[in-house]
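Chemist: Once you have looked at the hints, place chain B with the ligands on chain A.
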Amino acid sequence: MSAPLLQVGALFKRFGGFTALAAVSFDVPAGQRLGIIGPNGSGKTTLINCICGTLRHDNGSVRLSGVDVSALPTYRRTRLGLARSFQIPRPFYSMSVAQNIAVALEYGVGRRRVHASAARKEGLTVLDRLGLTAKANADVGSLTQVDLRRLELARALATQPRLLILDEVMAGLSSVEVDDMLETLASLNREGITIVMIEHIMRAIMGFSQRVICLDAGSIVADGEPAAVINSAIVQKIYLGG
Amino acid sequence: MRNWSRFLIGATLSVLLALGLTRFVGNEYFFFATYVVLQFIVLATAWNILGGYGGYVNFGASAFFAVGAYCAVALTQSYALALPLQILAAALVTGLLGFAVGALTLRLRGIYFSIATVAVAVICETVIMNWSFVGGARGTTVLQPAAPAFFSSYTRLLFFVMALLALLAVAFARFVETSWIGRGLRAIRDNEEAAESVGVPTLKLKLFAATASGALMGAAGAPFALYMNFIEPTSAFSLNYSVSALAMPLIGGSANWLGPVIGAILLAGTQQIVTVTISSELNVLIVGLLLVVFVVAAPHGILGLWHKLVARGGQRP
Ligand SMILES: Nc1ncnc2c1ncn2[C@@H]1O[C@H](COP(=O)(O)OP(=O)(O)OP(=O)(O)O)[C@@H](O)[C@H]1O
Ligand SMILES: [Mg+2]
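Just so you know, the sequences run in chain order A and B. Sequential numbering from 1 applies to the first sequence in the working numbering. Sequential numbering from 1001 applies to the second sequence in the working numbering.
So here's chain A without its partners, still in its complex pose (with noise of 0.2 Å):
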């Protein structure tokens, strides 16, 4: 059996004297669709960053297929296969759309110099699957709140992840562009990509995931089955009971 795609090993992060993450442990198989779930400053974004390498976790382990990452900068764990959203969405606001998936596709699959003219339909490709074809030469800054949730994402696939991890890629979108995004990550965890998805949308998380994990106050208070983590005692407490 090898390793599973990502092993996350009693993780703590603390701001100053509060603790942010509180040994958190979990792994993701490689192609599951996990979904995490948790109250507004949980930890949930958090945890990302420690994944990612943006911020330095204070103590336990971050494995990609194994192999400790916790000591390599951001840009390496992205060539090594993981690539995340920012909660926020941070285009790269003095270019183009296509210049921003330009930048992820020249640097996100490190050495291995990919072709002009190749990178180029690549490039085509993801920004087709996102829908933002007819926007490629659009300065950012008059992209909407959705289209710029849609960049986030199409950037994050031009790197050519393993593992995708979307921080409340879906938040502000609409029924019907949720529904579209949901199809999106479908098919591209059919092509093999493992997604880690944090959301508040309670319909789709439950529509996409086959895992969910519920984090509260910095700690794993539920991890199973949706449904079963969605009707435990716990997570009604947090987030009906208050």
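Using C-beta positions, here's what the derived DEER-type ranges look like:
hint: 1; chain 1: A; residue 1: T144; chain 2: B; residue 2: S1014; range: 43 to 51 Å
hint: 2; chain 1: A; residue 1: R129; chain 2: B; residue 2: I1286; range: 48 to 56 Å
hint: 3; chain 1: A; residue 1: R76; chain 2: B; residue 2: G1110; range: 16 to 24 Å
hint: 4; chain 1: B; residue 1: G1110; chain 2: A; residue 2: G172; range: 23 to 31 Å
hint: 5; chain 1: B; residue 1: V1310; chain 2: A; residue 2: A227; range: 56 to 64 Å
hint: 6; chain 1: A; residue 1: P29; chain 2: B; residue 2: V1122; range: 54 to 62 Å
hint: 7; chain 1: B; residue 1: L1096; chain 2: A; residue 2: D68; range: 29 to 37 Å
hint: 8; chain 1: A; residue 1: S174; chain 2: B; residue 2: V1122; range: 54 to 62 Å
Simulated pairs of lysine-lysine, DSS-like, Cα-Cα distance not exceeding 30 Å:
hint: 9; chain 1: A; residue 1: K135; chain 2: B; residue 2: K1308
hint: 10; chain 1: A; residue 1: K135; chain 2: A; residue 2: K121
hint: 11; chain 1: A; residue 1: K121; chain 2: B; residue 2: K1204
Where chain B lies over chain A, by a calculated footprint (3+ residues, C-beta under 8 Å):
hint: 12; segment: 81–90
hint: 13; segment: 152–163
By construction, these hints were calculated from the structure, which means they are not laboratory data. Yeah, the Cβ is synthetic: ideal placement off N, Cα and C, and Gly gets one too.
Modeler: Same frame as chain A, but now just chain B with the ligands:
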């Protein structure tokens, strides 16, 4: 590729033009003044590699300029090194200085690098002030050697050398800008965390830019003592270099290699005229005021204004 061949032709013509000027222009003052403009083209272009492309502001250009100048002086006094070697050595030392400041501060995002460059300027000036081998606070005289056969004066030779340096700096900046390095730096300037997360090795690129930028600034300063026949810390570390190095790209337009060139010609040209007609004391003030006007009214500089005008013209039926 076609763009590069056009650039190469332009560059070759510029070299020939500079060479021709040293032969056929009689007025010695022309070379004296144009040298300064060219020197600022190098300085502004160098600053822009890190500041314009990467978005990391260096407030201490004067330190790199002056260390380059003093490096050349020290080497001439001890080894009578030839001018090209002086420039090379100066670039090496200030490149290392840029790398060192970068390595200490560029791991941190934000303003730390900028603050460190201010400190570097203060530290370097204090060291030179107290280094008697290069004249300390009183300064030292540096005699121009006899001009080589082709040039009728040493100032003309210095003019030609600085023209070559300017060309080299601009060609290098243009290469960086249009290569993968430039695209990576631009991503860093736009959003560093996002850049890193799509695979851009941000620290490496920033260090490369800090080193290259520092080296070119030092090269710009290397012939300074020979040009003045004299060097002392106050003028070598003049605030004018630090302010101009960042004002020229910002006024010309910092996204493009042409911006610093336009800014340098405009500002350094104005400064030369003001120095002759009024007083050189006004130079920093004028640059400062222009900078404020541009930051408020045209944040993308002259090139930005130009693109806006072209775009508007194109929209007319
Ligand atoms: N850089 C930081 N410095 C200090 N505290 C932080 C920092 N980042 C996050 N926190 C704190 O850590 C806790 C977890 O934040 P995090 O952003 O991970 O929550 P989240 O689960 O993503 O919430 P949301 O659903 O609102 O996005 C919060 O209390 C937050 O205030
Ligand atoms: Mg969050």
